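Line order of the protein sequences matches chains A and B.
Numbering of the first sequence is given in my numbering, commencing with residue 132 and proceeding in unit increments.
Numbering of the second sequence is given in my numbering, commencing with residue 3 and proceeding in unit increments.
These are computed hints drawn from the structure, not numbers from a lab.
In this text the structure is predicted, and so the values were computed from the model without any measurement.
Wrong hints could be hidden among the right ones.
If the Cβ cut is set under 7 Å, some of the chain A residues that face chain B in the computed set are [unchecked claim]:
| id | residue |
| --- | --- |
| 1 | Val152 |
| 2 | Ile156 |
| 3 | Trp187 |
| 4 | Leu227 |
| 5 | Ala425 |
Pairwise CB distance ranges, derived in the manner of DEER restraints [claimed, not checked]:
| id | chain 1 | residue 1 | chain 2 | residue 2 | range |
| --- | --- | --- | --- | --- | --- |
| 6 | B | Ile415 | A | Arg161 | 48 to 56 Å |
| 7 | A | Leu586 | B | Asn33 | 54 to 62 Å |
| 8 | A | Phe353 | B | Ala334 | 34 to 42 Å |
| 9 | B | Phe9 | A | Val167 | 32 to 40 Å |
| 10 | B | Ile415 | A | Trp187 | 49 to 57 Å |
| 11 | A | Lys382 | B | Asn33 | 27 to 35 Å |
Backbone N, C-alpha and C fix where the C-beta goes; we use that ideal spot for every residue, glycine too.
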Amino acid sequence: MDELNPQPEPSIFQRMRKKLVPEGIPEDDRGRIRMVVDSFILHIHPSKVEASTLKWTYTWGLGGLSALLMTILGLTGIILLNNYTPAAPQAYFDILEVNSNVWFGELIRNLHHWSANLLIVVAMLHLIRVFVTGAYRPPRELNWLIGVVMLLLVLGANFTGYLLPWDQLAFWAITVGTSIISYIPLIGNWLSQLILGGPEVGANTLLNFYSMHISFIPLAIFGLMMYHFWRVRKDGGLTRPKSANQIEDGKVERVTTIPNLVHKELIFALAWTSALLLFSMLVPAPLEGIANPALSPNPAKAPWYFMGLQELLLHFHPLVGAIVIPGIVVVGIFLLPFFDLNLTSVGIYFRSQRGRALTLLAAGLALIATPIWVLLDEYILNWAEWLPTWNTLLSNGLIPLVVILLPLILLDEWMTKKYKADIEERVLFIATFIFTAFIVLTLIGIFFRGPGMSLYLPWNMPISH
Amino acid sequence: MNTKHSFLIESFIGLGSLLLIISALGLYILNEPVRIVQAQDEVLALQLDEAMTLYAENCAVCHGLSGEGMGATPPLNNPALLTMPYEDLYKTIARGRYQTAMPAWSIEDGGALSDYQIDELVTLILHGDWGATGDRVVNLGLAPLIPFTTEADPALLAEIGNLPDGATLQTAVTLFAANCVSCHGADGLGTGIAPALNDPVVREKTAEEITRIITFGNTGTLMAGWSNILTPEEITALVSLVQRWDEVPLGTIPAPDVPIAVTEESLALGSQLYAANCSRCHGPEGQGTPRAPSLNVRSFLTNTNDQAIQQIITSGVPGTAMPTWGDRMTEAEIQAIVGFIRQWEPTAPEVATITRPGGGGPPWRNNNSTMPNVLPNTNSSTTMSGNSAGGQTLMQSLLDWRLLLLLGVLLSIAFTLIYSGWDALRHVPKKAG
Numbered sequence: 132m133d134e135l136n137p138q139p140e141p142s143i144f145q146r147m148r149k150k151l152v153p154e155g156i157p158e159d160d161r162g163r164i165r166m167v168v169d170s171f172i173l174h175i176h177p178s179k180v181e182a183s184t185l186k187w188t189y190t191w192g193l194g195g196l197s198a199l200l201m202t203i204l205g206l207t208g209i210i211l212l213n214n215y216t217p218a219a220p221q222a223y224f225d226i227l228e229v230n231s232n233v234w235f236g237e238l239i240r241n242l243h244h245w246s247a248n249l250l251i252v253v254a255m256l257h258l259i260r261v262f263v264t265g266a267y268r269p270p271r272e273l274n275w276l277i278g279v280v281m282l283l284l285v286l287g288a289n290f291t292g293y294l295l296p297w298d299q300l301a302f303w304a305i306t307v308g309t310s311i312i313s314y315i316p317l318i319g320n321w322l323s324q325l326i327l328g329g330p331e332v333g334a335n336t337l338l339n340f341y342s343m344h345i346s347f348i349p350l351a352i353f354g355l356m357m358y359h360f361w362r363v364r365k366d367g368g369l370t371r372p373k374s375a376n377q378i379e380d381g382k383v384e385r386v387t388t389i390p391n392l393v394h395k396e397l398i399f400a401l402a403w404t405s406a407l408l409l410f411s412m413l414v415p416a417p418l419e420g421i422a423n424p425a426l427s428p429n430p431a432k433a434p435w436y437f438m439g440l441q442e443l444l445l446h447f448h449p450l451v452g453a454i455v456i457p458g459i460v461v462v463g464i465f466l467l468p469f470f471d472l473n474l475t476s477v478g479i480y481f482r483s484q485r486g487r488a489l490t491l492l493a494a495g496l497a498l499i500a501t502p503i504w505v506l507l508d509e510y511i512l513n514w515a516e517w518l519p520t521w522n523t524l525l526s527n528g529l530i531p532l533v534v535i536l537l538p539l540i541l542l543d544e545w546m547t548k549k550y551k552a553d554i555e556e557r558v559l560f561i562a563t564f565i566f567t568a569f570i571v572l573t574l575i576g577i578f579f580r581g582p583g584m585s586l587y588l589p590w591n592m593p594i595s596h
Numbered sequence: 003m004n005t006k007h008s009f010l011i012e013s014f015i016g017l018g019s020l021l022l023i024i025s026a027l028g029l030y031i032l033n034e035p036v037r038i039v040q041a042q043d044e045v046l047a048l049q050l051d052e053a054m055t056l057y058a059e060n061c062a063v064c065h066g067l068s069g070e071g072m073g074a075t076p077p078l079n080n081p082a083l084l085t086m087p088y089e090d091l092y093k094t095i096a097r098g099r100y101q102t103a104m105p106a107w108s109i110e111d112g113g114a115l116s117d118y119q120i121d122e123l124v125t126l127i128l129h130g131d132w133g134a135t136g137d138r139v140v141n142l143g144l145a146p147l148i149p150f151t152t153e154a155d156p157a158l159l160a161e162i163g164n165l166p167d168g169a170t171l172q173t174a175v176t177l178f179a180a181n182c183v184s185c186h187g188a189d190g191l192g193t194g195i196a197p198a199l200n201d202p203v204v205r206e207k208t209a210e211e212i213t214r215i216i217t218f219g220n221t222g223t224l225m226a227g228w229s230n231i232l233t234p235e236e237i238t239a240l241v242s243l244v245q246r247w248d249e250v251p252l253g254t255i256p257a258p259d260v261p262i263a264v265t266e267e268s269l270a271l272g273s274q275l276y277a278a279n280c281s282r283c284h285g286p287e288g289q290g291t292p293r294a295p296s297l298n299v300r301s302f303l304t305n306t307n308d309q310a311i312q313q314i315i316t317s318g319v320p321g322t323a324m325p326t327w328g329d330r331m332t333e334a335e336i337q338a339i340v341g342f343i344r345q346w347e348p349t350a351p352e353v354a355t356i357t358r359p360g361g362g363g364p365p366w367r368n369n370n371s372t373m374p375n376v377l378p379n380t381n382s383s384t385t386m387s388g389n390s391a392g393g394q395t396l397m398q399s400l401l402d403w404r405l406l407l408l409l410g411v412l413l414s415i416a417f418t419l420i421y422s423g424w425d426a427l428r429h430v431p432k433k434a435g
């Protein structure tokens with residue numbers, strides 16, 4: 132054989148080249164780059180998308196922005212990882228070192244910090260967008276559930292990351308934030324011990340939070356993100372935007388993904404990257420003195436996104452304020468796609484003209500009612516003192532809960548009777564009311580709570596030491 | 003807007019963003035070396051700040067108010083230390099120095115300081131400002147009250163010479179005044195850092211034991227071994243002093259008059275505390291009232307040294323209206339008052355003119371009235387500790403233009419939302435059924 136066919140064996144390099152460079156490559160440069168780009172992009176996107184879903188004002192690019200922020204967080208996180216020891220108090224000195232002794236260390240840390248905080252806002256807005264356009268309805272129920280789980284994971288990632296600088300801000304925010312855990316009935320104390328690695332926040336907590344922050348949570352988010360993207364394609368792409376006044380004509384205009392969608396994505400990513408970069412260059416991430424368990428700041432506040440919860444705790448029995456109310460809200464969000472099945476309003480912002488009107492009404496009412504309730508409860512209402520013989524779970528938990536739920540239920544009744552609002556419009560009304568109230572509570576918690584968690588005007592806030 | 007038009011606009015936004023990223027990064031890179039230096043300066047300042055407090059809490063008691071050293075303890079403000087390698091300084095603090103009073107400070111060696119804190123102290127030695135450190139020690143009330151060294155009272159020293167083996171006791175008293183008094187106190191009565199030696203329990207110890215402690219030091223305490231500073235004869239003399247102290251009259255080794263250190267902060271604090279606590283009886287200018295004697299008078303200020311005034315304030319004067327202040331004020335606060343009183347000395351009159359309280363009409367006739375300001379406090383500063391709430395509560399400041407503006411914005415947004423919602427609701431065609 133060898134003598135008949137003198138062709139030599141291909142060398143190792145030729146064999147490697149043959150494996151790496153596939154057959155049938157176009158001859159011209161243009162064709163080659165097309166081949167690479169197309170095969171990469173068309174793995175994520177379908178080859179054609181509906182033209183109407185490309186409208187900025189429909190999706191606001193919130194899902195894409197979340198993915199961009201996750202990417203930035205992953206990259207900056209890996210860089211930060213190289214300069215961090217998850218041990219108290221070395222962690223704090225490492226952060227000082229990152230800021231003062233590592234080239235671009237502060238920029239990387241700022242980028243990580245601000246992206247993480249922006250991600251919370253953007254993920255929330257993404258959820259709201261999907262909710263108000265009814266995009267969670269069949270067949271997209273599963274993707275809604277995945278999205279909600281990812282939002283909870285993002286909150287978890289931010290919360291665990293909050294402790295890592297090991298400064299006073301981190302230490303006390305986590306101390307306040309985790310104190311809520313022990314209010315969970317039956318397993319609260321055990322769970323708190325498990326998460327904190329001891330009776331209070333300490334070196335073990337730092338190690339626990341670190342391992343969660345760099346391994347389990349990002350892995351889980353990454354996996355779910357892949358699934359989330361894939362399901363978007365499986366469920367037939369984005370929902371089509373519709374106008375509440377027009378009846379759909381049934382015509383669907385489809386355009387190619389390249390360049391129509393990719394162009395928009397690229398520009399969106401560029402614009403946000405430049406904005407984030409600029410912000411991170413100008414505004415440093417906060418870093419206070421080293422964590423000191425003996426010196427608690429007054430007031431000690433949870434991370435900003437939990438200030439709504441902390442505000443609830445000031446008004447309700449802890450079981451109601453920290454477990455029952457947030458629990459009902461989260462379960463409600465999970466169950467949403469299963470009792471709201473009207474497919475005709477998918478893609479219409481706020482369902483219908485009536486839905487839009489009710490949303491405005493709910494937001495306005497909550498904007499007024501929430502501060503009034505906070506002031507009343509702070510200065511006048513005192514259920515525990517008025518009903519001294521009652522269990523505080525009743526006097527300070529259930530009674531105020533009923534008192535604020537009653538007007539909401541009456542409003543709901545009135546809408547149904549007078550305006551014949553259907554189930555989806557009622558859900559929209561209640562959800563808008565609760566969400567606006569939660570935002571107002573969060574703002575009150577962040578800006579209006581001073582020493583002793585009593586109410587102050589932001590400009591009269593005493594400087595805490 | 004047609005598709006092509008918006009495509010173009012988007013492209014321009016993208017290009018602009020790209021240029022922004024490139025130029026911002028370029029500027030940032032150029033500035034990075036400057037930023038790093040600034041950040042390092044900030045960390046240095048932070049470390050020095052913490053180190054000064056550490057120094058006040060741990061080191062000042064032996065190394066002095068501002069690192070000038072004390073008795074046998076070497077000074078730290080010595081320029082020679084700046085040439086020492088970092089490792090040597092770190093090791094000295096962390097592991098201590100054998101046969102000296104310097105103990106090991108590292109937590110690993112049973113001390114009180116973490117590696118980082120020791121690092122900070124080395125930083126203080128190499129980069130610190132000893133004047134500022136001294137101010138910090140005074141402001142924290144940790145100024146060492148102990149005199150560096152003292153001299154024996156000559157008359158009493160001569161008297162000791164008449165005792166049996168008086169020459170040995172004389173030598174010992176002189177040595178004690180020069181070396182030991184800084185820690186063991188005047189007349190060997192002890193201080194906060196070292197026990198009393200003029201004590202029956204100590205006198206019962208054998209000469210061997212006392213000799214051993216003086217020669218080799220007492221492990222685990224600040225007591226150093228003195229064998230390389232004192233000769234065996236001198237140590238023997240000191241042992242006999244410790245054993246025969248009951249024969250030495252009190253006052254032989256007196257505490258010298260060391261003025262209490264004063265800073266601007268301590269003067270301000272002293273003035274405030276004096277006005278709040280002392281002026282009612284001693285008069286606003288210390289001129290005295292029928293209730294209490296004048297302080298701002300030459301006869302008092304020249305004859306009473308700082309330690310004596312501090313003693314009077316701390317323990318009170320039994321049988322008079324002067325109460326014990328030691329349990330209501332910290333040492334730093336009392337020292338601040340002493341410093342405040344002391345600064346009257348240059349201008350104090352020979353004879354006091356005691357004022358009688360009262361007169362001057364009702365308080366609102368007074369120009370510098372101390373009436374509390376009832377109007378909302380616009381600059382948000384902390385109030386005195388008397389107001390437990392600390393600042394204004396929401397209810398106290400309802401009449402404020404910023405609050406009215408906030409309420410106005412909130413209400414107008416809310417009413418716009420409600421009105422437009424309600425208005426739209428009326429015009430929506432009702433569903434059938």
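Verification of the supplied hints:
1. Val152: Violated, about 31 Å.
2. Ile156: violated, 29 Å
3. Trp187: The hint is violated - A/Trp187 has no Cβ within 7 Å of chain B, the shortest such distance being about 9 Å.
4. Leu227: holds, 5 Å
5. Ala425: violated, 14 Å
6. B/Ile415 <-> A/Arg161: 48 to 56 Å: 54 Å Cβ-Cβ, so the 48 to 56 Å window holds.
7. A/Leu586 <-> B/Asn33: 54 to 62 Å: The hint (54 to 62 Å, Cβ to Cβ) is violated, given that A/Leu586 and B/Asn33 are roughly 42 Å apart.
8. A/Phe353 <-> B/Ala334: 34 to 42 Å: The hint (34 to 42 Å, Cβ to Cβ) is violated, given that A/Phe353 and B/Ala334 are roughly 57 Å apart.
9. B/Phe9 <-> A/Val167: 32 to 40 Å: violated, 23 Å
10. B/Ile415 <-> A/Trp187: 49 to 57 Å: violated, 25 Å
11. A/Lys382 <-> B/Asn33: 27 to 35 Å: Check failed, 55 Å falls outside 27 to 35 Å.
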